[in-house]
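Peer 1: Chain by chain, the residues run as shown.
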Amino acid sequence: MSMEYFAGISDALRLTFVQVMILANLSIGIFLIGMYINLKKWGMGSTGYGLEPSGSIFAFPKMLAYQMSEHAHIHNQSVLETFFLDILFQRRILQRSPLRWFMHFTIFFGWMALFALSLAMFLVEMIFLIGEEVGYAHSLPEFLEPVVFRELLAVPNDVFSYILLVGIVIAIYRRLFMTKVREATIAYDSILLIGLTVITITGFVADGIRTGRFWGFDMPIEYAPPAALFHVVISLLFCIAYIPFSKYIHMIAIPLALLANKGGE
Amino acid sequence: MAKREPSINTENFTAVQLMELDSCSRCGECVNWCPTYDASGEDPGLAPRDKILRWREYMNKSYGLRARLFGPKQISEEEIEEFKDDVYGCTTCGMCATVCESAINTVELWESMRANLVKRGNGPFGKQSAFLKLIGEYKNPYMEDNANRVNWLPEDVKVEDEAEILYFGGCTAELKQRKLALATTRLLNKLDIKFTMLGEDEICCGSALIRTGQYFINDTAKENAQKNIDNIKARGAKIVLYACAGCFRASLIDWPRLTGKELPFKVMHITEYLQGLIEKGEIKWEKSIDKKVTYHDPCHLGRHVGVFEPPRAVLEAIPGIEFIEMERIEENQRCCGAGGGVKAGIPDLALGVASTRVDDALATEADLLSSACPFCKRNLSDGRDAVGAKDLEVEDVVVLAAEAMGIDLSDTPK
Ligand code: HEM
Ligand code: SF4
Ligand code: SF4
Numbered sequence: 001m002s003m004e005y006f007a008g009i010s011d012a013l014r015l016t017f018v019q020v021m022i023l024a025n026l027s028i029g030i031f032l033i034g035m036y037i038n039l040k041k042w043g044m045g046s047t048g049y050g051l052e053p054s055g056s057i058f059a060f061p062k063m064l065a066y067q068m069s070e071h072a073h074i075h076n077q078s079v080l081e082t083f084f085l086d087i088l089f090q091r092r093i094l095q096r097s098p099l100r101w102f103m104h105f106t107i108f109f110g111w112m113a114l115f116a117l118s119l120a121m122f123l124v125e126m127i128f129l130i131g132e133e134v135g136y137a138h139s140l141p142e143f144l145e146p147v148v149f150r151e152l153l154a155v156p157n158d159v160f161s162y163i164l165l166v167g168i169v170i171a172i173y174r175r176l177f178m179t180k181v182r183e184a185t186i187a188y189d190s191i192l193l194i195g196l197t198v199i200t201i202t203g204f205v206a207d208g209i210r211t212g213r214f215w216g217f218d219m220p221i222e223y224a225p226p227a228a229l230f231h232v233v234i235s236l237l238f239c240i241a242y243i244p245f246s247k248y249i250h251m252i253a254i255p256l257a258l259l260a261n262k263g264g265e
Numbered sequence: 001m002a003k004r005e006p007s008i009n010t011e012n013f014t015a016v017q018l019m020e021l022d023s024c025s026r027c028g029e030c031v032n033w034c035p036t037y038d039a040s041g042e043d044p045g046l047a048p049r050d051k052i053l054r055w056r057e058y059m060n061k062s063y064g065l066r067a068r069l070f071g072p073k074q075i076s077e078e079e080i081e082e083f084k085d086d087v088y089g090c091t092t093c094g095m096c097a098t099v100c101e102s103a104i105n106t107v108e109l110w111e112s113m114r115a116n117l118v119k120r121g122n123g124p125f126g127k128q129s130a131f132l133k134l135i136g137e138y139k140n141p142y143m144e145d146n147a148n149r150v151n152w153l154p155e156d157v158k159v160e161d162e163a164e165i166l167y168f169g170g171c172t173a174e175l176k177q178r179k180l181a182l183a184t185t186r187l188l189n190k191l192d193i194k195f196t197m198l199g200e201d202e203i204c205c206g207s208a209l210i211r212t213g214q215y216f217i218n219d220t221a222k223e224n225a226q227k228n229i230d231n232i233k234a235r236g237a238k239i240v241l242y243a244c245a246g247c248f249r250a251s252l253i254d255w256p257r258l259t260g261k262e263l264p265f266k267v268m269h270i271t272e273y274l275q276g277l278i279e280k281g282e283i284k285w286e287k288s289i290d291k292k293v294t295y296h297d298p299c300h301l302g303r304h305v306g307v308f309e310p311p312r313a314v315l316e317a318i319p320g321i322e323f324i325e326m327e328r329i330e331e332n333q334r335c336c337g338a339g340g341g342v343k344a345g346i347p348d349l350a351l352g353v354a355s356t357r358v359d360d361a362l363a364t365e366a367d368l369l370s371s372a373c374p375f376c377k378r379n380l381s382d383g384r385d386a387v388g389a390k391d392l393e394v395e396d397v398v399v400l401a402a403e404a405m406g407i408d409l410s411d412t413p414k
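Taken in order, these protein sequences are the chains called A and B.
Under this note's numbering, the letters of the first sequence match residues 1 to 265, in that order.
Under this note's numbering, the letters of the second sequence match residues 1 to 414, in that order.
These are calculated hints, taken from the structure and not from any lab test.
Treat the hints loosely; a few may be bogus.
[Claimed, not checked] To list a few chain B residues with every Cβ distance to chain A over 12 Å, as calculated:
#	residue
1	Glu11
2	Glu29
3	Gly41
4	Leu65
5	Leu69
6	Gln74
7	Cys100
8	Ala163
9	Arg328
10	Ser381
11	Ala386
[Claimed, not checked] Derived list of chain A stretches under chain B, where covered just means 3 residues or more per stretch with a C-beta under 8 Å from a C-beta of chain B:
#	segment
12	33 to 41
13	247 to 261
[What the hints assert, rightly or not] PhoX-like cross-link-like pairs, simulated, lysine-lysine; straight-line CA separation at most 25 Å:
#	chain 1	residue 1	chain 2	residue 2
14	A	Lys62	B	Lys261
15	B	Lys287	B	Lys190
16	A	Lys40	B	Lys61
17	B	Lys238	B	Lys194
18	A	Lys40	B	Lys194
Because the structure is a prediction, the values reported are computed rather than measured.
By construction, the Cβ of each residue, glycine as well, lies at the ideal position given by its N, Cα and C atoms.
Full structure from sequences and hints, please.
Peer 2: Dropping the structure here:
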C-alpha cells in the first residue's frame, strides 16, 4: 500500500520519486542523529555498578556486553531463547495478558511485515528506475517490473494491513474505554497510537482510491498519487525519523533490555 | 546558547539502566502489582511506572535533544525532593521486575536512583540516614554493643573457633530475634554439624545501606563486606549458612559486586542446607507440629535469588504440619512490607503492606504464618497485631524445624 503508484508512469511522478528518495534519506539521517543522541544519553551512565560515569559513546555497548556475559542468579537463559521467545514472540506480554499479547503481536507483526514489503517495493522501483537510465531494464525478470511486483504484493499487503488494523483497533479501544488505561494515558502513549492509526488509514485510503475499492470512498482516481504521497511522507517521518524521539524507541530499547537482563526476572 | 548545568546527574547509573528508562512501554503491569502503591491508597507517585517516567523526563530535560541544542531545562528542587520521597516508598520487593513486560531490572534502578539522590544531597529518607553512622560506629544498625551478638548464647551451644561451616547470624537475629539464632545454632549442634560464627567480628552485611542508596559513602559497605569475607576465610569456612534473607541476598549478590571479586566460599540459606539433610534422611524428627501452616516467601530469598523450594521442603517434612499455600506465592508473592528501608523510614506504609499480607494468610485459614527471614517475621507479626488476628501465629521455618527436632527454645533471652 505504499510506493506502488510510482511505477514509471510519467515524468511528473518520477520527480516525486526523487523527492521521496530525498525524504527517505532525510528520515534515515534524522533517525541516526536521534540514535546518536540517545547513545550519548545512555553513555552518561557507567560501565559497571558503582563505577563513575564515563561519558563515552561506547559506555552503553560495553555495559550491555558485560551484562550479557555475566552469570545471572536466576533465569540464566541463552541469547537465542531471549531472541526468539522474548523479543520475536514477546512471551512476557503473553504471560501477563493474552489479549494484550494478541493486540501487540498483530501490531508488531503487521507493522514489521508491511515495513519489509514497502522496503522491497521501494528497492524494486529503484532497480527499475536505474535500469531505465542505464539501459538494462528490459533484461530484468518480469516479476521485477514494478507493475507486476505491485500486483504480487497486493494480497500480502492487504492481509498484513488488516492484521495491523486489528491490533490498532484493540489498542484504541483499550485506551478509550478501559478506565484504568485511559486515566494512565499520556501524550507519549497517544502520539504513538494516533500516528500509527493515521498511517494505517491513509495507506488503506490511498490504495482504495487507486483500486476503486471500499477504502477509496469513491474518490476520483486523480487523488491516488497525492494520497499515496501523503501516506509515504508521514510513514517515513513517523516510522523512521521519529523513532528515537518517541515511544517508538521501545522497539529498540525493549529488545536491548531483554538481552541485557537475559529475558528478565 | 544558554549553558546551564543540568539539574540532575547520572552518578550511580549504569549505561544499561539509563537505556532501560527508554524501554518502559507503560503497560502498567508494575502498577497492578506494587505492594506499596496498593497500601498507600494508590498514591500515584509510588507507582513504579511513574517513577520511570519521571526520571526519563529528567534525563531528557538534562541530556536530550533539546537540552543539547538549547541547554538543559531546570527541574525544581521541590520536584526532586518529592521524587526522592516516592522512590523511598518502595520495599525493593522486585514484584515490578518480575511482571515487567520490558524486562527492566527495576529494583536495581530504584537503588541507583536512591544512591544518586543521596549523593546529590536529597536522600536517604528520615531515620534511614542514621544507618551509616550506626553501622560505622556499632557495626550494626541497632546501636548494640557488637559483643552482644553472641555473648548471650546459652552454655550448651557449642560454636567452634574454626570450622568448614560458618553461620552468619546477622544483626536482626543475633540482637533482636534471638529465638531464630538460638534455633539455628542448637539445630546445627543437634545434627552434630561443627560450625563457627564471626561473633564480635561480624559486621552488618550492608543490606540496609545498599538498599537505601548509602553504600558508596566512605565505601563503608564495601569495606565491611571485605572485612566479613576476610574474617569468614580466616575461620576456615567453606560454606556460609544464613537464616536471614536480607544477609543472604547481600552476600550472594552484593558482596561480589561491591568487592569486584567472587566469594571464596559457598553461601547457602539454611533451608537449602536442611533440605539436603532431609533428603539424605539425616534429620530425626521428635515432635509433631499439628498445625495448618502457610509460608511467606521473603522477597530477598525468593524473587531476588530464586530460593522457593527449600523452605517448603522443610515444612513438608516436619511431621504433623498441614502445609497450605496462599494465593500469591513464589515469583508472584506479595511483599511483607519491611524491606528497602521502609520499616525504618515509613513504618505506617510497612504496616499497611504487612496487614494485606496477613489477610492473604488468613484467607487460607492457616494457624501459622511462617517465613524464612527475621525481618519478615517482625513485620508480619506487627501486621497481625494491626489487623487483630490474635490466633494467627507467626514463626520462622527454622524455629519450627528446631522445635520438631525436639529442641527447647523456651530459654531464649530477650
Ligand atoms: C521486539 C520488538 C517489540 C517489543 C518487545 C515490544 C513490546 C511492547 C510492549 C511490552 C508494549 C506494552 C503493551 C501493553 O500495553 O501491554 C508495547 C506497546 C506498543 N507497541 Fe511494541 N514492542 C515491539 C515492537 C513494536 C513495533 C515494531 C511496533 C510497531 C509499530 C510496536 C507498536 C506498539 C504500540 C502501538 C504499542 C502501544 C499500544 C497501546 O497504546 O496500548 N511495537 N510494545
Ligand atoms: S520493588 Fe516492589 S515496592 Fe518497589 S516499586 Fe517495585 S513492586 Fe513496588
Ligand atoms: S511493567 Fe515495565 S514496561 Fe510496564 S509500565 Fe511497568 S516498568 Fe513500564
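Peer 1: So if I understand the rule, the pair passes when the alpha-carbon distance is 25 Å or less; does A:Lys40 with B:Lys61 pass?
Peer 2: holds, 14 Å
Peer 1: B:Ala386: least C-beta distance to chain A exceeds 12 Å?
Peer 2: At roughly 28 Å from the nearest Cβ of chain A, B:Ala386 sits farther out than 12 Å, so the non-interface label holds.
Peer 1: Is B:Leu69 truly not at the interface, in the sense that its beta carbon sits beyond 12 Å from all beta carbons of chain A?
Peer 2: The claim is violated: B:Leu69 sits with its nearest Cβ about 10 Å from chain A, within 12 Å.
Peer 1: Against chain A, does B:Ala163 keep a CB gap of more than 12 Å to every residue?
Peer 2: holds, 26 Å
Peer 1: With the threshold set at 25 Å, check whether the alpha-carbon distance from A:Lys40 to B:Lys194 stays at or below it.
Peer 2: violated, 55 Å
Peer 1: Measuring Cβ to Cβ, find out whether B:Glu29 lies farther than 12 Å from everything in chain A.
Peer 2: B:Glu29 not clear of chain A: closest Cβ-Cβ about 5 Å, inside 12 Å.
Peer 1: Check whether the Cα positions of B:Lys238 and B:Lys194 lie no farther apart than 25 Å.
Peer 2: holds, 12 Å
Peer 1: Check the non-interface label on B:Glu11: least C-beta distance to chain A beyond 12 Å or not.
Peer 2: violated, 6 Å
Peer 1: Could you let me know if the closest chain A CB is still more than 12 Å away from the CB of B:Leu65?
Peer 2: violated, 5 Å
Peer 1: Decide if the proposed pair is consistent with the structure: B:Lys287 and B:Lys190, CA atoms, cutoff 25 Å inclusive.
Peer 2: The hint holds at about 14 Å.
Peer 1: If you draw a straight line from the CA of A:Lys62 to the CA of B:Lys261, is it 25 Å or shorter?
Peer 2: holds, 19 Å
Peer 1: Do three or more residues from the segment 247 to 261 of chain A put their C-beta atoms closer than 8 Å to C-beta atoms of chain B?
Peer 2: Answer holds; 10 residues pass the 8 Å Cβ test.
Going down the numbered hints, you'll see the structure goes against 1, 2, 4, 5, 7, 18, while the others check out.
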